[in-house]
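Take these sequences, add in the hints, and give me the full structure.
Mapping of the sequence shown onto this note's numbering: position 83 corresponds to residue 859, and the numbering continues sequentially without gaps.
Each hint should be verified, as a subset may be incorrect.
[Unchecked claim] Have a look at the derived ranges for each label pair, beta carbon to beta carbon: (1) ILE862 / VAL940: 19 to 25 angstroms; (2) ARG791 / LEU873: 26 to 32 angstroms; (3) ALA884 / TYR957: 32 to 38 angstroms; (4) SER951 / LEU849: 23 to 29 angstroms; (5) LEU950 / THR795: 40 to 46 angstroms.
Hints are computed from structural coordinates only; laboratory data are not their basis. Quick reminder that beta carbons are idealized off the backbone N, C-alpha and C, glycines included.
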Amino acid sequence: MSTRTMSSRAPDPRRRQATARRRRAGMQIEGIQLLAVILALMWIVEVINSLDGQHLNSDGIHARDPGRLWGVLTSPFVHASFAHLISNTIPLVFMGLIIAMRGAGRVALVTLIVVVVGGLGTWLIAPGHTSTIGASGLVFGYAAYLLTRGLFDRSLLELLTGMVVAVIWGGALLSSLIPRYGISWQAHACGAIGGIVAAWLLSDQRARQRGTSGPPARALAK
777 MSTRTMSSRA
787 PDPRRRQATA
797 RRRRAGMQIE
807 GIQLLAVILA
817 LMWIVEVINS
827 LDGQHLNSDG
837 IHARDPGRLW
847 GVLTSPFVHA
857 SFAHLISNTI
867 PLVFMGLIIA
877 MRGAGRVALV
887 TLIVVVVGGL
897 GTWLIAPGHT
907 STIGASGLVF
917 GYAAYLLTRG
927 LFDRSLLELL
937 TGMVVAVIWG
947 GALLSSLIPR
957 YGISWQAHAC
967 GAIGGIVAAW
977 LLSDQRARQR
987 GTSGPPARAL
997 AK
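So, in structure tokens, the structure goes:
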């Protein structure tokens, strides 16, 4: 009986790198596609709203009304006019594309956390008998996420990215926090808090800590 040894070749590093690049590019494309879907929904809703005499404007966040709590999820998709929608679309595209570089999952999670945390905060502190609509809270959430994720991830590149966002949009965002008639500073502030929460919850540092902590020790019952 004869035995045969099979030689195993080490994987080609260049092939591994090419595969990793393709995966990263595919992940980024999926993130951009999800962002496009979110923005498309906003525009579709505004077209319907404008044709219907802006009747959807009442489907926003009604402060401290338990029966209208669902408005937390619908309010970012409803706008008072096309001008209102355009003013939110431009920063959402700019900042959303940066977030999309981490994939569709990151876009979905950041958006969901900002919408829920920011929406609930607005529901709690906004003036009574008002309907808060628009994606400006999401804009503030995206901005706060990009500004703070570098601190939680301890990443110089992400800190620099946050600085670019601050230089381009910082003045406009800060001015929107000034209380003015018809503008919900509460939605802006709570959206920003939601972005910080998202940056903390989704930070790479927390992921590494979860990966190295291991399962908790269990005591044996006697």
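Item checked: Hints violated by the structure (listed by number, smallest first) -> Violated hints: none; all satisfied.
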